[in-house]
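Put together the whole structure using the sequences plus the hints.
Protein chains: 2
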Amino acid sequence: MGAGFPDSEYKGRLKAAQTRMADAGLGAILLTTEPDIRYFTGFLTRFWESPSRPWFLVVPANGDPVAVIPSIGAALMSKTWISDIRTWSAPEPADDGVTLLATTLRELVTDGKVGVPSGPESHLRMPLTDFERVKSAAGLTFTDDRGIVATLRMVKSPAEIDKIAAICAVAGRAFARVGEIAREGVPLSTVFRDFQRLLLDEGADWVPYLAGGAGQGGYGDVISPASDTALAPGDVLMLDTGAVLDGYFCDFDRNFAVTRASQTARDAHARLIEATQAGLDVARVGARASDLWRAMADIVGGGESAGRLGHGLGMQLTEGLSLTARDHTILHEGMVITLEPGIETGKGKLMVHEENIVIRADGPRLLSPLAGPDIPVI
Amino acid sequence: MGAGFPDSEYKGRLKAAQTRMADAGLGAILLTTEPDIRYFTGFLTRFWESPSRPWFLVVPANGDPVAVIPSIGAALMSKTWISDIRTWSAPEPADDGVTLLATTLRELVTDGKVGVPSGPESHLRMPLTDFERVKSAAGLTFTDDRGIVATLRMVKSPAEIDKIAAICAVAGRAFARVGEIAREGVPLSTVFRDFQRLLLDEGADWVPYLAGGAGQGGYGDVISPASDTALAPGDVLMLDTGAVLDGYFCDFDRNFAVTRASQTARDAHARLIEATQAGLDVARVGARASDLWRAMADIVGGGESAGRLGHGLGMQLTEGLSLTARDHTILHEGMVITLEPGIETGKGKLMVHEENIVIRADGPRLLSPLAGPDIPVI
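Line by line, the protein sequences give chains A and B.
Counting in this note's numbering, the first sequence runs from 1 upward without gaps.
Counting in this note's numbering, the second sequence runs from 1 upward without gaps.
These are calculated hints, taken from the structure and not from any lab test.
Treat the hints loosely; a few may be bogus.
[What the hints assert, rightly or not] As a list, the in silico DMTMM-like pairs of lysine to aspartate or glutamate whose alpha-carbon atoms are at most 25 Å apart:
| # | chain 1 | residue 1 | chain 2 | residue 2 |
| --- | --- | --- | --- | --- |
| 1 | A | Lys-349 | B | Glu-92 |
| 2 | A | Lys-11 | A | Asp-221 |
| 3 | A | Lys-79 | B | Asp-228 |
| 4 | B | Lys-79 | A | Asp-228 |
| 5 | B | Lys-349 | B | Asp-267 |
| 6 | B | Lys-113 | A | Glu-132 |
| 7 | A | Lys-15 | A | Asp-64 |
| 8 | B | Lys-79 | A | Asp-221 |
| 9 | B | Lys-15 | B | Asp-162 |
| 10 | A | Lys-113 | B | Glu-132 |
| 11 | A | Lys-11 | A | Asp-246 |
| 12 | B | Lys-349 | B | Asp-374 |
| 13 | A | Lys-11 | A | Asp-23 |
| 14 | A | Lys-79 | B | Asp-240 |
| 15 | B | Lys-349 | A | Glu-92 |
| 16 | B | Lys-135 | A | Asp-374 |
| 17 | B | Lys-349 | A | Glu-49 |
| 18 | B | Lys-79 | A | Asp-240 |
| 19 | A | Lys-349 | B | Glu-49 |
| 20 | A | Lys-135 | B | Asp-144 |
| 21 | B | Lys-347 | B | Glu-184 |
| 22 | B | Lys-135 | B | Asp-111 |
| 23 | A | Lys-347 | B | Asp-84 |
| 24 | B | Lys-15 | B | Glu-132 |
| 25 | B | Lys-113 | B | Asp-64 |
| 26 | A | Lys-349 | A | Glu-184 |
| 27 | B | Lys-135 | A | Asp-64 |
| 28 | A | Lys-79 | A | Asp-64 |
| 29 | A | Lys-135 | A | Glu-34 |
| 30 | A | Lys-349 | B | Asp-374 |
| 31 | B | Lys-349 | B | Asp-240 |
| 32 | A | Lys-135 | A | Asp-23 |
| 33 | B | Lys-347 | A | Asp-84 |
| 34 | B | Lys-349 | A | Asp-84 |
| 35 | A | Lys-79 | B | Glu-92 |
| 36 | A | Lys-135 | B | Glu-132 |
| 37 | A | Lys-79 | B | Glu-344 |
[Stated by the list, open to error] According to the in silico footprint, chain A covers these stretches of chain B (three or more CB under 8 Å from chain A):
| # | region |
| --- | --- |
| 38 | 110-121 |
| 39 | 127-138 |
| 40 | 145-157 |
By construction, the Cβ of each residue, glycine as well, lies at the ideal position given by its N, Cα and C atoms.
See the structure below:
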């Protein structure tokens, strides 16, 4: 499949940003992270795994974005719709793009401040020392971007939703094959490796995220790497993946009972699906993130301590809103979110279920294949 | 395999850092990124893929590090040697660990400044707005960490070298099987998927990085995602992987000729191996990074424009020194680096070869299986 979108998609994103920038009095927005730069350019590469070089995109108040990047990225960036590409030979610690970026900002910003994403989930992907150099060399005023980029990214276009739906289908097919790789006696670490192989086999480009757990009546946490402990009869096995296709993520999990399902596992799984359904029932345009949290928390219990029961999804594994008691973000058509209820099944043990949905005018549409109440036995 | 190291490894790292902190007058070092926090704790999880929560580790001038992290990470952090673990329910945009971190810093820093990694390859993994809040709430002076953490990480311990050697062996076995998955007529995107499956099959925990290219007499660049174009007779196929085992990377590539090897490909490959050998010949304790660059650049040509011909390697795909004309870092025993000569094979076309080595007192030791001068035909 060809990555990226038609130029019109990026031009629409640019126009939407520039309209908000005008209202906020921003002369430009400076972007430094992979998803933010890709959002406006379509620049897709795994090379971001290397921390050695900073990358910059300047979104001016008027006109097209300007890429200020290491020369090693020029060939790939020139395949995008971006025409103004300025490069330097990186890494060059003495002046790693600092002068080139400052000069570019001075040229493009005639009025207003330079906005830099500074809010929740953001970070500045460049050395702090160099950022200070850029600020003084540019002689401009820097401020936050008023959350403009994060707000735009929260609502997905039909083309983006198609990409997320495609990777959800890939993961759905891989989960349907877990019985081929996981059974009593297989070490969890082997299950993790083989499940990643299944995801690739079903068409994922790569697998940035895989977590999970296994244990009697639940698992201890959901972020630990796999141990070499073999699956035992009665264990609950959970696999939670963030696989990628064309740069867009899925993020959902599945639970399985090994050899036999304990009553605890059966009850907890049915409860989790019930909570997911309750979340679906209120996942409507106009509802608040906290409303979905409440609907699910009322069923899985735990109150405030239930924590985050879902989140936005797209170019990153998690992005945008959080389904918590405190997040009152209003749901809009085109938002893609996860419903992720968790339930305590014993002391220090839990079970988590997760599905991916998109908010449509007429209600939610499932992107992941909704699991039934009965926990599958493998 | 069990991830991590004995506590003595981490205590040694802490002692080395605190000795340098005393000389630099630092009352603490504040860490926010995955490799820096893992370096002092052994905290290993793929959960960093989610940008929604900041994570902090405070390394005080005296005493053990203190983890200030989201409660979702408490169970896993408690499995490390870190005993002082302070948590909050994240994400909480109104106060996402800001107060807890500021309070912790005020308690631990009785004298001196707070050092934050701010130099080459570093970034601050937290929202800029929250960093400003922490600084004012802590009422302390913040500065860079004088490169202390990066400098320590540049020299690997025997235990770290063993882990890098293990993942290099995994990738070596996978490269030896490329003939099983790549041949004339197979789309490059399929080769990329299947090679990641081979890496997992041979024992990689996951595959954070895979790049490559294919074309007649070379490829256009080395960071693009795979196209669906089928391999053609006479193509040169290059696969470059950063796979991970126990949290440590390998980073080397291999070139293959599809069906038949063109004279251009044969000559370029032999030249690349010659350059690699020239780099090996000068890769001795006391040599400078720029000496290795010069030895290889003299053979592949291109002079300054030859760019970076290798780099440090370890907890990240690339870290530490760069083999460039400008980097005069002195090689020390225990440094793990890549030798990565590239050669122009035509207009806009190149070929790159890469090996991984460790600097020993008696000379370099290869961690990747050194390729021969003849490009293998598949």
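| request: Against the earlier hints, flag every one the structure doesn't satisfy and list their numbers going up. | output: 2, 16, 24, 27, 30, 35 and 40
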